[in-house]
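Engineer: So the chains spell out like this:
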Amino acid sequence: MRVPVKWLNEHVEIDDINIKHLEEKLILSGSNTEGVKDFSKNNTKIVIGKVLEQTKHPDADKLFVLQVDIGEEVTQIVTGATNVNVGDFLPVAKVGAHLANGIKIKRGKLRGEVSNGMLCSLDEIGFDKSVTPKMFDDGIYILEGEYKVGTPLFKAVDLGDFVIEFEITPNRPDCLSIEGMARETGATFNRKRKQLNDKNDFKENDIKKYIDIEVEDLDLCPRYAGFVINNVNIEPSPQWMQIRLMQAGVRPINNIVDVTNYVMLEVGQPIHPFDLDLVDDKKIIVRRALDGEKMTTLDSVERTLKNDDLVIASAKKSIGIAGVMGGENTEITENTKNIFVEVANFNKTAIRMTSKHLGLRTEASARFEKGIDSDRVGKAVNRLIELYSEMNIGELVDGVIDIYPNLPDKKNINLRTSEIKRILGIELSTDNMKEMLERLEFKVVELNEDDLTVEVQSFRLDICEEIDLVEEIARMYGYDNIPTTLPGGVQYGEFNYRQKIENKVKKLLVAKGLYEISTYSFVSPTAVEKINRSEDEILNKFVRLINPLGEEYSVMRTTLLPNMLEVLTRNNNNGNDKMLSFELGNTFIAKSIPVTDLPIEKKSICIGAYGEGVDFFSVKGIVELLLKHLGIVNIKFEKTNDILTYHPGRLTKVYTDDILLGVVGEIHPNVLENYGMGSRVVAAELDFEKIVEDANLTKLYNPVPKYPSIERDIAILVKEEVTNAEIIDIISASGGNNLVDVKLFDIYRGAQIKSNHKSVAYNMIFRADDRTLTYEEVQKPYDKILRNLEEKLDAIRR
Amino acid sequence: MRDKLQAILKSAEEEIKIVTSSEQLDEFRVKYLGKKGVLKEILKGMGKLSNEERPLIGKFANETRENIEKHIESMKERIKSIELENQLLKEDIDVTLPSSEINIGHKHPLNVILDEIKDIFIGMGYKVAEGPEVDTVYNNFDALNSPKDHPSRSLSDTFYINEELLLRTQTSPVQVRTMKANNPPIKIISPGRCFRYDELDATHSPMFHQIEGLVVDEDVTMADLKGTLDLFAKRLFGENTKTKFRPHYFPFTEPSAEVDVSCFKCGGEGCKFCSNTGWIEILGCGMVHPNVLEECDIDSKKYSGFAFGMGLDRITMLKYEIDDIRLLFENDIRFIKQF
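As given, the protein sequences belong to chains V and R, one line each in that order. Note that the first sequence covers residues 1 to 798 in the numbering used here. Note that the second sequence covers residues 1 to 339 in the numbering used here.
In case anyone wonders, no lab produced these hints; they're calculated from the structure. Computed from a predicted model, the values in this text were never measured in an experiment. Wrong hints could be hidden among the right ones.
[As the list claims (entries may be wrong)] No farther apart than 30 Å at their CA atoms in a straight line, the calculated lysine-lysine pairs in the DSS-like style are these: (1) Lys-319/R - Lys-578/V; (2) Lys-628/V - Lys-319/R; (3) Lys-411/V - Lys-301/R; (4) Lys-602/V - Lys-118/R; (5) Lys-530/V - Lys-118/R; (6) Lys-512/V - Lys-319/R; (7) Lys-504/V - Lys-40/R; (8) Lys-603/V - Lys-127/R; (9) Lys-504/V - Lys-699/V; (10) Lys-127/R - Lys-504/V; (11) Lys-148/R - Lys-410/V; (12) Lys-506/V - Lys-370/V; (13) Lys-70/R - Lys-59/R; (14) Lys-6/V - Lys-129/V; (15) Lys-541/V - Lys-653/V; (16) Lys-31/R - Lys-48/R; (17) Lys-59/R - Lys-653/V; (18) Lys-194/V - Lys-6/V; (19) Lys-107/R - Lys-690/V; (20) Lys-434/V - Lys-530/V; (21) Lys-20/V - Lys-319/R; (22) Lys-148/R - Lys-370/V; (23) Lys-234/R - Lys-506/V; (24) Lys-337/R - Lys-504/V; (25) Lys-653/V - Lys-780/V; (26) Lys-104/V - Lys-45/V; (27) Lys-410/V - Lys-301/R; (28) Lys-690/V - Lys-719/V; (29) Lys-653/V - Lys-591/V; (30) Lys-192/V - Lys-6/V; (31) Lys-317/V - Lys-370/V; (32) Lys-37/V - Lys-56/V; (33) Lys-504/V - Lys-319/R; (34) Lys-134/V - Lys-104/V; (35) Lys-20/V - Lys-265/R; (36) Lys-148/R - Lys-411/V; (37) Lys-434/V - Lys-127/R; (38) Lys-410/V - Lys-199/V.
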């Protein structure tokens, strides 16, 4: 909502208040702004000049040479403008002036003729072309009336007025008007506002002779009023009105339309004028449209209506879509003689639905959608008649039609001091509260020691219950003045168990050199195909958006891996030669297709790495360390080749006991190719929810060994396919109670080794807690281990 | 014999002066004090001495030996320190050579700031509540007093799965879930991902992060809200940070406010980060609307509460002076490395 300050000042006197202060105080009382536009900034060098002479340029057909009186001198200006005449007063940008479009005026010559300055158009002064009158579209702005030449433009006319742009919140449609903002301003600065004439008891008198109105659907049109002007004289509206409209962001058209817009901005009531001679039988019916009824609106678009749409119709056809846009068939034109001016109130939901299905949003529909009280119709009618009379537009027919059968109920709300204390934490007397509420023009109808009762004015559609008044008190009291305290009560803060695990996971992975990434929760459905898993039933249970930003963001991710691969590829392509990273994020699996319930949403950990030093075992190591760090025991790795995303020979499932926690593997070359990834990638996917279930953060002290341990090594030759896990299992099972640790420390394949065989060496540690072990106590299990290895694996001792 | 002993001592004292290494010192010891050393040789003649002389010479011989041993000991110390000196000299290095590569990973910048914020609120007695990214229209809008025709519900503002399910546009549905599942007192923050129908550009992302807070108890007032957020702002942005509460409108709170903090870049003087206003808008907040409390089965006559919400992405970008939101989701290692 753009409010020219001089217009506001007509309603509440504020011209003694500094603009900065005015803005700040209004912000703090609840009228937030998006800034103040100052047209006159740096523009003292634009002055009013008078054209004394106009001659054709000797060397250019399309140029004129003007002698312009600018006060201190008569200066020569060459112009191409064709709308300038001798005697015109107009804005002259003197040498050194800066125009709104960034141009700086310099002394110059045009085709050999001296030109000292420039005549200005409205956009050069700072108005957007969308709000300037068509008549000045390609020309110089010619001023109305006479002026002292040489006066700075912005001092002589209101063109340079400050315009405050207010951000009106959806609960305050009443503030979408100069009157509404005057009310807020008056309340903020505790000043009385000039009340508009709100006489509401209209008489029909002569008007019946000129028009007949019938409202069929009172549920959608609670009030319909209007009046007639005959023999109108259509011309541009006065300059002061045009300037205010432009400042408020509305393009001046002609006197009839401009007044309707002016009153709409001032009072907040949309108004529509019809060419009365084009209304068949001089009869207006407010009714629901027929299904499929067609009508061409003012913007020359043919619209197809539905039965829920409300139309203004003549006896024969629709002539306007109620509250949205008028019909082309009754538009005001240069030839219009007699007009009917409609001032009506329409149901906000109906207007919203109509505007939505037609895809047609107008200033009027936007205002009706937000809600307008029907009492405002009267004020608008009074103001319209006042302005039309002042401007002597035509013969105003005596009388106003006003169909308003059901007056709205008055709302009374009780407000207690105790509630103010309970919600705001401040203590106020009812006298205090009354004073604040009256500043906002609420009527206090009952005043007690501990409470008061307010009659809500009809324009405050947002005030429905006590809490609404508490808010009014808060902003009048000033949020600034409310003290700062902290909530009482004893509450302790902490992370819950799951969050503690999450924190530990992240901390460990970062400590081990991994970078945390964050990627979108929605992905392309082709992501699953890209990782070779189109056959995977679970991963294809997509939660699909009905209105995605594009196919690539159209389903919720069922796995974190595709995003990880994208990030790694991007980094590789960006020349980052190594990356270890992880993401801890949600995956979404639909319970059914199409989706009817909330999906299974659970957290998952994805690790991905490439570059020097990265191989299957380094990532496996990170995973193993992570699980151990979380107190997960009996971790097992089981080779598998049934996940097509991964290299069939380099993939393991990770278990604790029999619970699958995830996988570690090298990404399949085909998948890498799908991503255009030039480096090998090793990844791990872990189920965070399972990890939380199996983690154990309890720590118990284990005595530090008192007796020395004995280490023995064993080197054996085994067939290539024998796995480390098999050997360790046999050693562990045969080593007896005193075997506390066994580790592979060497694998050798070479000339001295039979083909298809490998030599493996293990280090074993024996220890007892209560004594130093004897040679025999170690040798016996050692022999047993060897025997078992020989028997079960055909191992040969080396 | 005494003379001989004296001569040995003398020659030993001379000889030890030229000893420069532990090896030479060992040779010296063997030569004088060894089993076949000169001292032993001389003492072989002890038997020939008279009974009177023997103890005297014996004593003298012992003194001589002790003397030599003393010399050896002190020489040993000297040689040890010389040898150490030599070793240290040999081990001299160019300390400006590059360090060994020791790597640590990095958290994502959003989570660095999020952790900071969580710590602040945990310190103030809050717990962290979480909820799903896909939630119901009811939890995201209806229960929060959002009008049925509110523009934020439209397909051009919110991502929908179907008529009842959507991608949450705020973390407030977590507040609804928390209130429905717990009785007051409630004191939580709810951080998380949110989604709004915005094309990705330098300042918009269809996915972003919010942190909301909720306190519900008896006698929770707007003064408590002000105090809480003022303290929070000082903890996050610095002790000298000031806050400004401007009235605003949200359907789920009343009274509602927007909160500006004094610009933590320029201290309020005016700079490019605060568009020369000295203030940065950072939070929306208010007293929980009684309709919301009642909808969540909390007696609004007995309990009151406040709620607040802020954008994690915006705060992160402001704090680190990141000028393009896309950087947060591109995950280039050279970017993440900086936090």
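Engineer: With reference to the structure, classify each hint as holding or not holding.
Structural biologist: Each hint tested on the structure:
1. Distance check on the hinted pair: Lys-319/R and Lys-578/V sit about 28 Å apart at the alpha-carbon level, within 30 Å; holds.
2. Between Lys-628/V and Lys-319/R the alpha-carbon distance is near 36 Å, which puts this suggested pair outside the 30 Å criterion.
3. This hinted pair checks out: Lys-411/V and Lys-301/R have alpha carbons roughly 22 Å apart, not beyond 30 Å.
4. Taking the CA atoms of Lys-602/V and Lys-118/R, the gap is near 22 Å; set against the 30 Å cutoff, the hint holds.
5. At roughly 37 Å between alpha-carbon atoms, Lys-530/V and Lys-118/R are farther apart than 30 Å, so this suggested pair is violated.
6. Restraint check for Lys-512/V and Lys-319/R: the C-alpha separation of about 27 Å stays at or below 30 Å, so the hint holds.
7. Distance hint between Lys-504/V and Lys-40/R is unfulfilled; the C-alpha atoms sit about 73 Å from each other, more than 30 Å.
8. As the CA atoms of Lys-603/V and Lys-127/R are separated by approximately 20 Å, the hinted pair is consistent with the 30 Å bound.
9. Of the supplied pair hints, the one linking Lys-504/V and Lys-699/V holds, its CA atoms being roughly 15 Å apart against a limit of 30 Å.
10. Restraint check: the Cα-Cα separation between Lys-127/R and Lys-504/V comes to about 17 Å, which is no more than 30 Å; the hinted pair holds.
11. A C-alpha spacing of about 25 Å is found between Lys-148/R and Lys-410/V, which places the hinted pair at or below 30 Å, so the restraint holds.
12. For a cut-off of 30 Å, the pair hint linking Lys-506/V to Lys-370/V is broken: about 48 Å separates their Cα positions.
13. Restraint check: the Cα-Cα separation between Lys-70/R and Lys-59/R comes to about 16 Å, which is no more than 30 Å; the hinted pair holds.
14. Between Lys-6/V and Lys-129/V the alpha-carbon distance is near 23 Å, which keeps this suggested pair within the 30 Å criterion.
15. Restraint check: the Cα-Cα separation between Lys-541/V and Lys-653/V comes to about 23 Å, which is no more than 30 Å; the hinted pair holds.
16. For the suggested pair Lys-31/R and Lys-48/R, the alpha carbons sit about 24 Å apart, so the restraint of at most 30 Å is met.
17. Our distance criterion of 30 Å between C-alpha atoms is broken by Lys-59/R and Lys-653/V, whose separation comes to about 84 Å.
18. A C-alpha spacing of about 14 Å is found between Lys-194/V and Lys-6/V, which places the hinted pair at or below 30 Å, so the restraint holds.
19. For a cut-off of 30 Å, the pair hint linking Lys-107/R to Lys-690/V stands: about 23 Å separates their Cα positions.
20. With a C-alpha separation of about 69 Å, the suggested pair Lys-434/V and Lys-530/V falls outside the 30 Å cut-off, and the hint is violated.
21. For the proposed pair Lys-20/V and Lys-319/R, the alpha carbon gap of about 29 Å is at most 30 Å, so the pair holds.
22. Distance restraint check for Lys-148/R and Lys-370/V: the Cα-Cα separation of roughly 13 Å lies within the 30 Å cut-off, and the hinted pair is therefore satisfied.
23. For a cut-off of 30 Å, the pair hint linking Lys-234/R to Lys-506/V stands: about 27 Å separates their Cα positions.
24. Of the pairs offered as hints, the one joining Lys-337/R and Lys-504/V holds, with about 20 Å between alpha carbons and a cut-off of 30 Å not exceeded.
25. Only pairs whose Cα atoms come within 30 Å are accepted, and Lys-653/V paired with Lys-780/V is rejected, the gap being roughly 35 Å.
26. At roughly 11 Å between alpha-carbon atoms, Lys-104/V and Lys-45/V fall within 30 Å of each other, so this suggested pair holds.
27. Distance hint between Lys-410/V and Lys-301/R is fulfilled; the C-alpha atoms sit about 25 Å from each other, no more than 30 Å.
28. Pair hint Lys-690/V plus Lys-719/V does not hold up; C-alpha atoms about 36 Å apart against a cutoff of 30 Å.
29. Proposed proximity of Lys-653/V and Lys-591/V is supported: the alpha carbons are some 25 Å apart, at most 30 Å.
30. A threshold of 30 Å between alpha carbons decides the hint, and for Lys-192/V with Lys-6/V the separation of about 16 Å falls inside it, so the pair holds.
31. Taken as a hint, the Lys-317/V and Lys-370/V pair is honoured in the structure, with Cα atoms around 29 Å apart against an allowance of 30 Å.
32. A distance of roughly 39 Å separates the Cα atoms of Lys-37/V and Lys-56/V; the hinted pair therefore is violated under the 30 Å criterion.
33. Distance restraint check for Lys-504/V and Lys-319/R: the Cα-Cα separation of roughly 25 Å lies within the 30 Å cut-off, and the hinted pair is therefore satisfied.
34. Our distance criterion of 30 Å between C-alpha atoms is met by Lys-134/V and Lys-104/V, whose separation comes to about 26 Å.
35. A distance of roughly 23 Å separates the Cα atoms of Lys-20/V and Lys-265/R; the hinted pair therefore holds under the 30 Å criterion.
36. At roughly 23 Å between alpha-carbon atoms, Lys-148/R and Lys-411/V fall within 30 Å of each other, so this suggested pair holds.
37. Distance check on the hinted pair: Lys-434/V and Lys-127/R sit about 41 Å apart at the alpha-carbon level, beyond 30 Å; violated.
38. Restraint check for Lys-410/V and Lys-199/V: satisfied, since their Cα atoms lie roughly 18 Å apart, inside the 30 Å limit.
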